[in-house]
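Asks: Assembling the complex is the task here: the two chains are given apart, and the hints tell you how they should meet.
Protein chains in written order, with our numbering: chain A, 6 to 310; chain P, 155 to 397.
Note that these hints are calculated values from the structure, not bench results. Glycine included, every Cβ here is placed at the ideal spot set by N, Cα and C. A hint or two may mislead.
Stated by the list, open to error - Examples of chain P residues toward chain A, derived with CB under 8 angstroms:
1) V178
2) S274
3) V283
4) V284
5) V309
6) V359
7) R362
8) G377
9) V384
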Amino acid sequence: MDSWIIVTEAGPVAGMAAAARELGGTVTAAVVGPRLLAESTAACGCDSVQWFSTLDSVPAESLALQVADLVAAASPRLVLALDDPAGRVLLAVAATRLGAALVSSVPGLSVEGEDLVVTRPAVEGKVVETLVVPGALAGVFDREDVDVVSPVPAAITEVAPSGMAPSMRIIETTVAPGEAAGLQQAERVVSIGRGVRKREDIALVEELADAAHAKMACTLPICDDMRWYDESHVVGTSTQQIAPDLYIAVGVSGQPQHMSGVRAAKVIVAINNDPEATIFKKCHFGILGDLYEIVPALTAAFKRA
Amino acid sequence: MKCVIAFKWAKNPQDARVSADGAVDWRAAKMVASDDDAAAVVVARDLAVGDELVGLTVGDGDVAWAAARGATRTVSVADVEPNADSAVLGEVLAAGVRRIGGADIVIIGDGVWDQMVSMSLAGQLGWAVVAGVVSATTEGDRLHVTRKSGTGTEVIEVGTPVVLAVAARRAEDKPPGMKDVLAARKKPLEKVAMADLGVTSVGGVTLRGTALPEAADARIFDGADPEGAVEQLMTALRSEGVL
Numbered sequence: 006m007d008s009w010i011i012v013t014e015a016g017p018v019a020g021m022a023a024a025a026r027e028l029g030g031t032v033t034a035a036v037v038g039p040r041l042l043a044e045s046t047a048a049c050g051c052d053s054v055q056w057f058s059t060l061d062s063v064p065a066e067s068l069a070l071q072v073a074d075l076v077a078a079a080s081p082r083l084v085l086a087l088d089d090p091a092g093r094v095l096l097a098v099a100a101t102r103l104g105a106a107l108v109s110s111v112p113g114l115s116v117e118g119e120d121l122v123v124t125r126p127a128v129e130g131k132v133v134e135t136l137v138v139p140g141a142l143a144g145v146f147d148r149e150d151v152d153v154v155s156p157v158p159a160a161i162t163e164v165a166p167s168g169m170a171p172s173m174r175i176i177e178t179t180v181a182p183g184e185a186a187g188l189q190q191a192e193r194v195v196s197i198g199r200g201v202r203k204r205e206d207i208a209l210v211e212e213l214a215d216a217a218h219a220k221m222a223c224t225l226p227i228c229d230d231m232r233w234y235d236e237s238h239v240v241g242t243s244t245q246q247i248a249p250d251l252y253i254a255v256g257v258s259g260q261p262q263h264m265s266g267v268r269a270a271k272v273i274v275a276i277n278n279d280p281e282a283t284i285f286k287k288c289h290f291g292i293l294g295d296l297y298e299i300v301p302a303l304t305a306a307f308k309r310a
Numbered sequence: 155m156k157c158v159i160a161f162k163w164a165k166n167p168q169d170a171r172v173s174a175d176g177a178v179d180w181r182a183a184k185m186v187a188s189d190d191d192a193a194a195v196v197v198a199r200d201l202a203v204g205d206e207l208v209g210l211t212v213g214d215g216d217v218a219w220a221a222a223r224g225a226t227r228t229v230s231v232a233d234v235e236p237n238a239d240s241a242v243l244g245e246v247l248a249a250g251v252r253r254i255g256g257a258d259i260v261i262i263g264d265g266v267w268d269q270m271v272s273m274s275l276a277g278q279l280g281w282a283v284v285a286g287v288v289s290a291t292t293e294g295d296r297l298h299v300t301r302k303s304g305t306g307t308e309v310i311e312v313g314t315p316v317v318l319a320v321a322a323r324r325a326e327d328k329p330p331g332m333k334d335v336l337a338a339r340k341k342p343l344e345k346v347a348m349a350d351l352g353v354t355s356v357g358g359v360t361l362r363g364t365a366l367p368e369a370a371d372a373r374i375f376d377g378a379d380p381e382g383a384v385e386q387l388m389t390a391l392r393s394e395g396v397l
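Okay, chain P solo, but in the shape it has when bound (with noise of 0.2 angstroms):
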């Protein structure tokens, strides 16, 4: 089935710097593929065999990631900036699926820094969607969909068009080789900007500020002394009453 994986497309709050004044600087952080994106690109190769896999990216950093991976082809949106409102990038990749054309499935990691953009792509594309999903397989023209669930995890039979959420359980433990990396470099990528898809939208959110939290109401006890702290840590606890 045609495939298309999107990726790379928020940046990863550990290359933020924070300051005295809880003022967040973003500029030497880049848009970077997470532990889910990356979880999401091998359940779209397993679902592309025998058909094209297309990835879909916005913004700046790797945009060979997914090719490097497995995909012919990449359809990048360079001008995409963040956006506390997930309907933004929703609908960035949706009108990216769009122009992409003839897809059966979209495969998106869930989004461990935005839970939100994957089922807004989804929303505005008015297709079905699997969230927290674990793997899929084909079966004739449906797929099997294995996702976690409150209690365990359910496998859904679905049609297409679908779009999957993958959920990664660790880091991806088999990143590719340099000479899949300079491959992918030469492979076809076709770089749009917003307006080319027709997206106007800034969002519907302002971000007033921010600042540093309060400090954390915690008790810490000196554990320099093992008895006293226990001590204390007991009594505490039976105050609580979890005792």
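The shape of chain A in the complex, shown without the other chains (with noise of 0.2 angstroms):
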């Protein structure tokens, strides 16, 4: 059963190509983008790379028909991809061209017989539900990335441009403020939410941010509501995605629009006085207490480390 993968962001694609390997058959990449984004995603564990090259100025979107033929001519079992924009727009044509069933989340995938079988979390994460896919799948990679030991690059062929006019350009770029807060090069991250009561109290958790030589974030609430802090330093799924080695959540419940802006997060810390706070559910470690106690501690610990 083969496989193929769709490329127009860098982001998981060695997970993505793994989770491809399951099916025991080729894996192929259709990347669409930058060289670079090719070459990286030849190093990501697939067997070759059919590279569509881009202006700056076309979005991928432009190129969805002439991927979606290049894709349904090898005729796939699965074909993924991230959950970009542009890579969902790109895997929902090639779907259509496939007439392959299209799931939402595909955290991972096994054969059972002739079968697909996805597993994946539902109802917000409430349940587990395991779908049986009996023919072609077309499905959004929904899990971390895996590291890819000593690959051998694959294979880069370019496609030739079809000639046709894109129907769409990139008139204006503009970068999110979160660059202005620093939030995507950081390393370490401490973010605040309702949990903290007052706008005075925001200094304690500064101060562990100093001691933890962190950068400060928040969920929407405390940027929308509170206006304790500006746009550029909210994570989310409306705001900005964000990828540090450690997150620390001070009263932060864990709402999963919030939860999906750190979901790249190598170690995520929860600081919660609630016992059913979700975000004890979707974190590493997680000290169950009063943060106004918590955080000052947190705090000596770092200045000592």
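Replies: Printed below as a string of structure tokens:
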């Protein structure tokens, strides 16, 4: 059973290739973007790369039909893409051409006889559901990356442009205000949520961030409702996604729209006084207690470290 | 430009009941508009100025939701249930858009509860699509669409016909008043069935079952002793190699 992966942005491409590997057949990558993206994908554990070069002013979506034609001609059993807007567009157009089932979240899959079996969280993570797909499957890969050990880069074949004028073009690009807060590059980030009771109390958490050499972030209500920080500090689905080594969430309940912004963090620590807080199911380590007692103790510990 | 707003095509997972054995009961849950739907209708109203804005919805729930927010009439495909195969709903909505006919732009919530329905709709119409849309304006016969990108925002120029999948930043801030809600119920509503649209697909995915997730592997330290909990945490972070 052969697979294709569609790549339009950097992300957990190696994890996606590893998931496609589960089917036992070849894994071909369709990459739409700069040469650098094709090269990084070639080192991610796929067998070959079909590269569609684009100008900076042409969004990857413009090539959706051309990519779909190439994928459909190979008639793979599985097509995976990441959840960036362009990746989703290309996946859906390819799925339509293939007549494949389309599943919005595929954390991993296995083969049972002739069936593909997808096990994924559902109902906001309250259950795990098992889906059986007897035919072709197109899905959004939804799991963390894996490390590829000494890969032999796959061969890259450049696909000739179709000659058709692009249906859309980028006429303006604005860098996210998140850059101002330095969260994209930060190795450590401390964030606050509504568990912090008063504006004056932020100083307590900022002291922790200083001691930990971390940048400060917050949830959307802290910006929109409380106006304690500007938008550049907000992390979540509708704002920015970050990938620090260490993310310490102070008084954050762990709503899906916030947690999707830190999914790529290596280690997530939660400090919360509510044992039922969702974040305790989504973190690696937690301290159940009063943040007004825990944070000063943690600040002191970082100062000693 | 003539716009179709596709709305209320999913159930809110918060309305589902999960029992101790991991079974999910959706009986009390109806199709509802999401925050993305609310953001989409705002974009749709701006683009449809001077032309028609038609609502398109499926399943049960409030069919007059878009009419209360500016749609002049609504088409509802009533006999539709949620499906794990997003292509099924994409096909139903695409057939609905074709039935309405003459649309320049279809606006739909990007889909916080299922991020592939909007994409599948576009794929099945064979139209261009922009996802993660924040706002859009008309510039002559073309659109300037602002959408989120990995590093910020982009403004994309695109012609019609086009599908715009709009992502909400937050919950709807100005829900319509009672007067608009009551007036909406008097606006034209056309109810059709999947068979009327020629849609027979049941999808390519079977749900085998649901179960409770395995216990989280998070290590939670008791903060009743702040110093002790912090010490344990620091030891754990050291062993993870992040200190």
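Asks: What hint numbers does the structure not satisfy?
Replies: none
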